[in-house]
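Same order as they appear, the protein sequences are chains A and B. For the first sequence, the numbering used here begins at 1 and goes up steadily by one. For the second sequence, the numbering used here begins at 1 and goes up steadily by one.
Hints may contain errors.
Said to hold, decoys possible - The calculated label-pair distances, taken between Cβ atoms and stated as ranges, are:
1. B:Thr13 with A:His10: 24 to 34 angstroms
2. A:Ala54 with B:Thr116: 24 to 34 angstroms
3. A:Pro40 with B:Asp40: 16 to 26 angstroms
4. B:Ile12 with A:Gln42: 16 to 26 angstroms
5. B:Gly16 with A:Thr77: 39 to 49 angstroms
6. A:His82 with B:Lys57: 38 to 48 angstroms
Since the hints were made in silico from the structure, they are not lab data. Quantities reported herein were computed from a predicted structural model and do not represent experimental measurements. We treat Cβ as the ideally placed atom computed from N, Cα and C, and that holds for glycine.
Listed below, chain by chain, are the residues.
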Amino acid sequence: AQSVTQLGSHVSVSEGALVLLRCNYSSSVPPYLFWYVQYPNQGLQLLLKYTTGATLVKGINGFEAEFKKSETSFHLTKPSAHMSDAAEYFCAVRIVGGSGNTGKLIFGQGTTLQVKP
Amino acid sequence: DSGVTQTPKHLITATGQRVTLRCSPRSGDLSVYWYQQSLDQGLQFLIHYYNGEERAKGNILERFSAQQFPDLHSELNLSSLELGDSALYFCASSVVKAGGFSGTGELFFGEGSRLTVL
Chain A
1 AQSVTQLGSH
11 VSVSEGALVL
21 LRCNYSSSVP
31 PYLFWYVQYP
41 NQGLQLLLKY
51 TTGATLVKGI
61 NGFEAEFKKS
71 ETSFHLTKPS
81 AHMSDAAEYF
91 CAVRIVGGSG
101 NTGKLIFGQG
111 TTLQVKP
Chain B
1 DSGVTQTPKH
11 LITATGQRVT
21 LRCSPRSGDL
31 SVYWYQQSLD
41 QGLQFLIHYY
51 NGEERAKGNI
61 LERFSAQQFP
71 DLHSELNLSS
81 LELGDSALYF
91 CASSVVKAGG
101 FSGTGELFFG
111 EGSRLTVL
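One chain only, chain B, in its complex shape (with noise of 0.2 angstroms):
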């Protein structure tokens, strides 16, 4: 057990429409990541959120957007949703601060939220 939970677990969807995956991250973690993972695109960065501020946007689509809260637990929100967007969503979490990094800065991956969208 790596200590993020994400929820759900699963979700199936329709086209077009718009879902929220919540991630929890370890204990005392102030930074949260969120990667997709499909078959052809292999694990992606989307987003990474620390303290509650964005600090690094990658290959994320403008029809997704992230937020972190001042719990920690972070949200990404994907609408007007496609086929394409069928995929395995994880969260991590890390010690490491913006604009330097303390420990060896492994990321701590949740299970995932597995995303169908037909």
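If we strip away everything but chain A, and leave its shape as in the complex, we get (with noise of 0.2 angstroms):
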């Protein structure tokens, strides 16, 4: 089954310091790999996906991930981090193709990045 896993429930950054959330996942199928960005009292927003083609995807406001296969991981990053940025981050899968494809996402525990001054 699949499955994801956000390490680090809690992430501190400095203003201008990179920024790295980690996500790794677990299918038995190439997925569909996501991360939303929820910022408080609204609703989960996409920063950026990868289907199929370029490993290296980048997102809305400066983010940017990896898809690698060999490791099972699909690592959120930006270098210079903003206050704006302080949010909870979630990464997700989708299931693609067989009999569990119905489109629904699969999320982590989600991240919360702070960013300090």
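Assemble the dimeric complex from its two separately framed chains, guided by the hints.
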């Protein structure tokens, strides 16, 4: 069964520092992978997605993620953190193909990013 | 603005009561998904409807039910409410088609309905 593990429920960085949020997935078939961001009192907003093709994907707000099949990882990075990046981030996997292909996403537990001035 | 509308945004009720949460998907999206977000369980998939038919069930309690109407809006009914049902309930829509998919399958989320059971 597909699953997602986000390492670290809380990550704290200084403004201007590198942001690295870790995500590992488990899937018996090549998955589609997503990162969503949730600001306080808001819904989830898509940051970026990997489906096929280039393994380094760029998203909104300067974020990018790299799909590494050998490591079953899809870590999210941003070179320089901004105060406005403080939010909760969710990694998600989608079942592709087969009877389980209903389009639902399975989410990790989330990582809260704190950005210190 | 994702284009997905959820009402009400906040709801406070008592144990044992019943509530209905409503969701209007993005224009043209046939699939509607319901998720529950709580501090201890995270984001849990509840149920998926496609063009009026139930397609998949997740961790949905028997006290909960959902339906999707001909105009594609969906309702999540929560009955015999318990304190532990307090959570944020999200609706999401997608162009995904049952038995296959179109596009890359991302879900578009509403802003959620926050349910507090006292």
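Structure-based check of all given hints:
1. Distance hint check for Thr13 of chain B and His10 of chain A: the Cβ-Cβ separation is about 32 angstroms, which falls inside the suggested range of 24 to 34 angstroms.
2. Ala54 of chain A and Thr116 of chain B have their C-beta atoms about 44 angstroms apart, which leaves the hinted 24 to 34 angstroms range violated.
3. The beta-carbon spacing between Pro40 of chain A and Asp40 of chain B, approximately 19 angstroms, falls within the hinted interval of 16 to 26 angstroms.
4. In this structure the hint that Ile12 of chain B and Gln42 of chain A lie 16 to 26 angstroms apart at CB holds, the actual value being about 20 angstroms.
5. The hint said 39 to 49 angstroms for the Cβ distance between Gly16 of chain B and Thr77 of chain A, and at roughly 48 angstroms that hint holds.
6. Under the hint 38 to 48 angstroms, the C-beta atoms of His82 of chain A and Lys57 of chain B, about 40 angstroms apart, fit the expected range.
Checked against the numbered hints above, the structure violates only hint 2.
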